[in-house]
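Using the sequences and the accompanying hints, generate a full structural model.
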Amino acid sequence: MTDPAQPTGAAAAPVLSVQGLCVSVRTDAGLVPLVSDISFDLARGETLAIAGESGSGKSITSLAIMGLLPPPAVRVTGGEIRLGDTVLTTLPESRMRGLRGDRIAMIFQEPMTSLNPVMTVGAQLVEAIRAHAPLSRRAAQAEALAALTAVRLSEPARRMGQYPHELSGGMRQRVMIAMALALKPDVLIADEPTTALDVTVQREVLDLLRDLQRTHGTAILLITHDMGVVAEMADRVIVMRRGMVQEMGQVRQIFAAPKAAYTRDLLAAVPRMGQGGDAVPRSTAPVVAQLTDVQVRYDLRGGVLNRVTHRVHAVEGVSFDIRAGETFSLVGESGCGKSTIARAMVGLTPHQGTIRIADQAVGTMTAQSRKSLSAVAQIVFQDPMAALDPRMTVGDQIAEPLLIHGQGNRATRRARAADLMDRVGLTAAQLDNYPHEFSGGQRQRICIARALALTPKLIVADESVSALDVSVQARVLDLLRALKDEFAIAMLFISHDMAVVENISDRVGVMHLGQIVEIGSRAQIFGNPQHPYTRRLMAAVPVADPAAVRPVIPRMAGNSPNPVHKVGAVVPRHRLVAVADGHLVAQAG
Amino acid sequence: MTAMTATRVTDGVWRRLRRRPLALIGMALVATIVLAALLAPWIAPYDPFEQHFDGLTLYGEPLPPGGAFLLGTDLLGRDLFSRLLYGARTSLIIGVVANGAALLIGTVIGLTAGFFQGWIGTVLMRFTDLMMAFPALLLAICLAAVLQPSLWIVAFVIAMVNWVQTARVIYTETTALAARDFIAAQRTLGAGTGRILFRHILPHLVPMIIVWGTLGISTTVLLEATLSYLGVGVQPPMPSWGNIIFENQTYFQSAPWLVFWPGLAIVVLALAFNLVGDALRDVLDPALRGSD
Amino acid sequence: MAAYLIRRLFQSALILLGVSFITFLLLYVLPADPVRQIAGRSATPQNIASIRAQLGLDQPFFVQYGRYLWALLQGDMGRSYLQRTDVASLIWARLPASLLLMVAGIGAELVIGLTMGVVAALWRGRTIDNGLMMTSFVTVSAPQFVVALLLLYVFAVQLGWFPIGGYGTPAHLVLPALTLGILGSGWYARMMRSSMVEVLRADFVRTARAKGLTRGRVILRHALPNAILPVIAMIGIDIGIFMGGIVVVESVFGWPGIGQLAWQAIQRVDIPIIMGVTLVSACAIVIGNLLADLVAPLIDPRIRIR
Amino acid sequence: QETLDPNATPGGNITVTYKDDVATLDPAIGYDWQNWSMIKSLFDGLMDYEPGTTTLRPGLAESYEVSEDGLTFTFALRPGVVFHNGREMTAEDVKYSLDRVTLPETASPGAGFFAAIAGYDAMASGEATTLEGVTVVDPLTVQITLSRPDATFLHVMALNFASVVPQEAVEEAAGDFGRMPVGTGAFKLADWTVGQSLLFEKNADYWRAGLPYLDTVTFEVGQEPIVALLRLQNGEVDVPGDGIPPAKFQEVMADPEQAARVVEGGQLQTGYITLNVTAAPFDQVEVRQAVNMAINKDRIVQLINGRAVPANQPLPPSMPGYTADYDGYAYDVEAAKALLAEAGLADGFETELYVMNTDPNPRIAQAIQQDLAAIGVTASIQSLAQANVIEAGGAGTAPMIWSGGMAWIADFPDPSNFFGPILGCAGAEEGGWNWSKFCNAEIDAAATAADSMIDPATPERLAMWSDVYMKVMEEAPWVPVFNEQRYTMKSARMGGDDALYVDPVSIPVNYDYVYVTE
Ligand SMILES: Nc1ncnc2c1ncn2[C@@H]1O[C@H](COP(=O)(O)OP(=O)(O)OP(=O)(O)O)[C@@H](O)[C@H]1O
Ligand SMILES: Nc1ncnc2c1ncn2[C@@H]1O[C@H](COP(=O)(O)OP(=O)(O)OP(=O)(O)O)[C@@H](O)[C@H]1O
Ligand SMILES: [Mg+2]
Ligand SMILES: [Mg+2]
Ligand code: NI
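Note that the protein sequences, when read in sequence, are chains D, E, X and W.
Numbered according to our numbering, the first sequence spans residues 200 to 788.
Numbered according to our numbering, the second sequence spans residues 4 to 295.
Numbered according to our numbering, the third sequence spans residues -13 to 292.
Numbered according to our numbering, the fourth sequence spans residues 372 to 889.
For the record, the hints were derived by calculation from the structure and aren't laboratory data.
Beta carbons: idealized from backbone N, C-alpha and C, even for Gly.
Just to be clear, a hint being listed does not mean it is correct.
Some, not all, of what chain E presents toward chain X, calculated at C-beta under 7 Å [as the list claims (entries may be wrong)]:
id	residue
1	D132
2	L133
3	C145
4	R171
5	G195
6	G197
7	L200
8	L218
9	V262
Ranges between beta-carbon positions, derived for each pair [claimed, not checked]:
id	chain 1	residue 1	chain 2	residue 2	range
10	X	V15	W	E889	43 to 49 Å
11	D	Q606	E	A31	21 to 27 Å
12	E	V100	X	A157	42 to 48 Å
13	W	M551	X	V49	30 to 36 Å
14	X	N116	E	P48	30 to 36 Å
15	D	R680	X	N116	53 to 59 Å
16	E	A182	X	N116	31 to 37 Å
17	D	S293	E	F130	39 to 45 Å
18	X	A157	W	L570	19 to 25 Å
19	W	E459	X	V49	45 to 51 Å
20	W	G677	E	L41	28 to 34 Å
21	E	F263	D	R274	42 to 48 Å
22	X	A157	W	E889	24 to 30 Å
23	D	V507	X	N116	48 to 54 Å
Here it is in structure tokens:
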């Protein structure tokens, strides 16, 4: 890694300067501040990381800089933002437009929805380029292609003609970065650029940002909750909490000697690899969930008769079990079938093979069996915004499972909802808010609270903490752990964050292309990874230590082999061989 | 959702509605029209059916507004104002009841078909397609002619014809909603079909229902008039705003008041409901909280 | 694609069959006797009976319907009772005019309605928004006849910009299309506004703005194509409503379309013509819906033809 | 020979508009407002009328003879008359045409008019394919034998239905003769754009020398009457075929320049209310008379802007046989009430009034409704499409029908034309046009007697008819309400006698005799 301590532009005039910024939201109860009195400078070629609690106002701050706060309720209510000599806060929209993209660009937190679904990727790039440079279409296309090549998207020429939905999340994020790259802005704001990505792709993206900075001297405002990423990327760090700056300083200094109490907590909460503790013998508690040779296939139709011609073999012959009080983690790259297993376990996706949860077969669901299953198995979805009803207050949504299962009266249900909110680090005062009024991480917590409402026997948590800052993540993980111990809840934990996985799991399964390639206890997997794929995953994990030396791993082109096969094709199964007690590794793969 | 929670939500809605002047105007207009219709016998200066001897000129022309007849007289020398008051009854029944019924049928069918994709959905949607393939007016004419015209039959026919578009639109929307994760989330919480449909999908359809519902007021009122005009609608001398227009539309140059006032009445009725509907939609839209 | 088309066409055929059956049934039970219309006032009961037998109207319902279908399959839509000529030729002679008017009318509706909707959405809550939405109500509430005649009076008679009705040149088309456009624009305006308001909040619009695109480009290239989808589905629905509106407009502007043919046929229970016009309109509606479904994926690549 | 208008200049084109499309130009079938006069100009019958009048004159027949018993008519055909296709017309064509119109396959709405010709019944029942009573004596002589004397027979031979058509053209058209008419008339069809316009072209070989004056006539169909009037005012149209729309009537009359171009004329038309005499309460003559007294006819005439004259008997004033000194039932509400009380209906009753749904008929019905209410009769209105009203009338399910819109415009100017189908026993059967279902054997016999007289115009015959209608009025199965006056307009350049524009026979315009001045 490059030396982040080069204070190249620290002394020079800042490109971006924020002084005393305040942002407020108008509510029924009057103006409520979201961000208050934030000040910082950003120099050329510098990377400033904003870390901090989820919901602390990181995204709002960056949107305020871009002049893109969500209308009509949220507005800048004080302070000044300067870009070079230009005061952005008072700039008319028409002039602001000229600066956007040209001098400041932004990569948004949600890559899934930030690209126009009805325009090809190429057109969106070309358009951005031509908006700021008087280039011919052809020249702009060449430039766009170069940018896509630069972000190492596989087959860039073909991607130009594809639509966003044809790309995976990671690819889309790279397109967003390519766009920023092509524009060569002075300042790049990257809001959680890697949250949605699995570790291997995350690695790629971080490398790209660094390249961009090196070649164009771009100043980067990097927003992230991942202290590993901060340590690897940033020159300086701002730590935010509740809309205010807690601490600001050089990255080494902050990691080495945090001043603010919150920063200390934050750093203490960072899960680190290899700290998972010692091997513990497998528990003998009763099995809560048992999967035997589970297969899930999605039909793809085509041809004259609209018959099924191909199938996505999303899950292929997966077996494992989870005992009461045990946490089983599934890791693997994007698209390997993790979420599919999760959905199958709560009866949302039809499957072959058997899944038994608390002695109940998950299969064709009647209303009754679904209801009784829901009392024992709950899922926290990967995409929290999508999993919440945008038209219902979160309080009602958290209390809803209780209502469905006829528990308590209105008052007790509300009290329970308030209690759950509290447990996931939110306040009861927010019960009457709607989902869009929360930050990404807050929504995820709301989903967790809802899943916990019924105190189920099994919780399936699909990337449930990935959008959370480490301290909240730690709190949530603690909460999950406490619940697990208290009620002997079994948990299926899906994550791309190896450190978290190591932290929380009892057992781990590594998936690749719908199959498990390695399975074993935490100690076995992390201490003695056998399968080459497992090893590659581990190597890609960023380390939350600015001084750490990152091993060089080969960059890979972004397209992974796909699990689509012709109908009737026989997919070769991995043969799992025991290398130790309970540690199985695929032989052929 | 218990009654109490419902009250809490409606309380909030009502509180926010009250703060919108346009919504208040709309509600006042609706109330006025309803009252006018109910109190017509007491407010109306004349019997709406009486053909006044002095209501026509010597050459049989209607009298313009002013004078003894506030809004003028019609081609039979009847008091237009009184007829408009009584006509409000018919038009409210058509525009609100028949249109409401159409909306309800359309919503239920669209919702059911969109949600239960299986054979129920297929059957319902094919049926909707079939109904949609009819030229609406022709269907209405045939139905009304076969069933013998009367106000309630006309209302029924209009409901039967008008639900189709709503069903189609609701269907598309429901299919999209049903595929969303938060609906899947509801399933895993054990929510029953009814709950998912009415608590989670329906609220998302409200804006669309409001748009179609308010636009439907004008169209149904005019459809009734077309049917009357074709002899399969409400029978004379029963007034309705639509048929007053249709009876007199060829006279719109020589006696513009005969078209203008009932036309205005229809616009006001539709607009009043729309003001309320729009405000309701905005108030129910969480993304717009804090904008007023 | 081909498979999809074949399936859709098959479904359409079934729909048309259903339409033909229901219409035939409705006309069968209609309390009006076409024979009386044909036979005239001086007819003796004997005349009437012989005409009835000749037309096969004395047969049971299913026999009549079966015969009609059988002939229809061979491309024969029957002979008009009163015009004594081939229904197909009557309809074919008038169909081009109606289709032209329909296409132009829908075009006008879209241009007027979408513009109104987009402008209203962009200035949401402002005076112009309220004004436009008010206008949209006036247009949906306006009686067709009056609007048509008013336009004719102002632009053709008073100003002399266009011919007073008739058919043939593009100038003849302007006023009828405009009338239909104005009358139908309200629906589109409101649909468009709703959907535009929604899209303007979307993340990708924010991205587009973040790229520094001009306002016009953000709206036209990014928001509009996304917002227009529900409107496309509307067009399919609209064709059905259109068939009703076209009658009045055709008669005011002397437009030789099937609307007028249908009108006269309904008045005089000329069953073969009513059947023919119904089936042709049903075809138009079915095709319109099919087209809407085919166009949708062109605009939104996520929609896959199933 | 023909007396030509000295002011007439030949040549030019006029434009005539109609709202409804022209269904057919086949003279055996066409029976609409718009095609009646067109067919008259394309075809000729053996008999004809003096233009603008109701006076019979020979047409394709140069002369005719009637036998003593009035049963045999011998027509001498005009020599040298050629069809539009260039062939000379002969007696065979006359026979063919009469056979054709009475053949059941033709389904002619006028077939019934020929019922007096010997052999008609055999034709109607399908037993014969040719009329026994029509014989070709020589190429220029036709003899027609009747099965009973018929005073109106010559009028029947002047009807469009009796037009002479060439067999080969009919066969060539293969069922579409209505689209490709070939006749002997003053005009021939030059072009027909379905649904839009028809172009008539002067028949250069027309047998009436010097006629027609016009080179061409353009008919534009599908024209809303209001728009047609706007176009007339704009100089684009010469004659609005549907007349002046009621909504524009006052406007036109208020402008002296326009009013000067308005032509007013009588019509052989009566608007009446039928009272179904077979069902209570109209089975009591007192009730029917009471209704007759209850209707304020002046008010109804006022409603239609005075475009009619109140009527008191079935026959219109311009019809021979009209009883001029008859006063009818005067408008007298009190007397009507008294009569009702006499019938035991002092408290009135409820009934239904059927009416066709086009303006002004529903309005008239509402006026009638109000008048009835004044004597305690509650009539609910059924405003329906024409076909439905006719159906209800024929089936006898309608207690009262206002005849407007479907009213009896005479087919030919003879008093008998108002009796047979609409007041006689023949029409009273299920499905007939006698909506009162009035059937009085005595009156029927008197009518038959009057029609069996040989000369239609003898004063005795007209007196007999007058008696028939007076007896009808005594029984009061109808309420005659008014006789409509026709008001039409023409462009300034139109020439010719005003009567031509309100021709009682060649309704609405006699195209053969009008001309343009410019
Ligand atoms: N449209 C809105 N209306 C009201 N409150 C909002 C709105 N958007 C965000 N907030 C509030 O503003 C605060 C800051 O949100 P922001 O999105 O900046 O958080 P964040 O620091 O980016 O968190 P995360 O890491 O979870 O994305 C949160 O408490 C959130 O509830
Ligand atoms: N409804 C569907 N129809 C067809 N294919 C699908 C469907 N849902 C998922 N897939 C495919 O199944 C495979 C597994 O998807 P899944 O969502 O389980 O991946 P994942 O491991 O959860 O990935 P990520 O980490 O990105 O969430 C992918 O190739 C995906 O494209
Ligand atoms: Mg954020
Ligand atoms: Mg997933
Ligand atoms: Ni493998």
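Unsatisfied constraints (hint numbers, rising): Violated hints: 5, 6, 7, 10, 11, 17, 20; rest satisfied.
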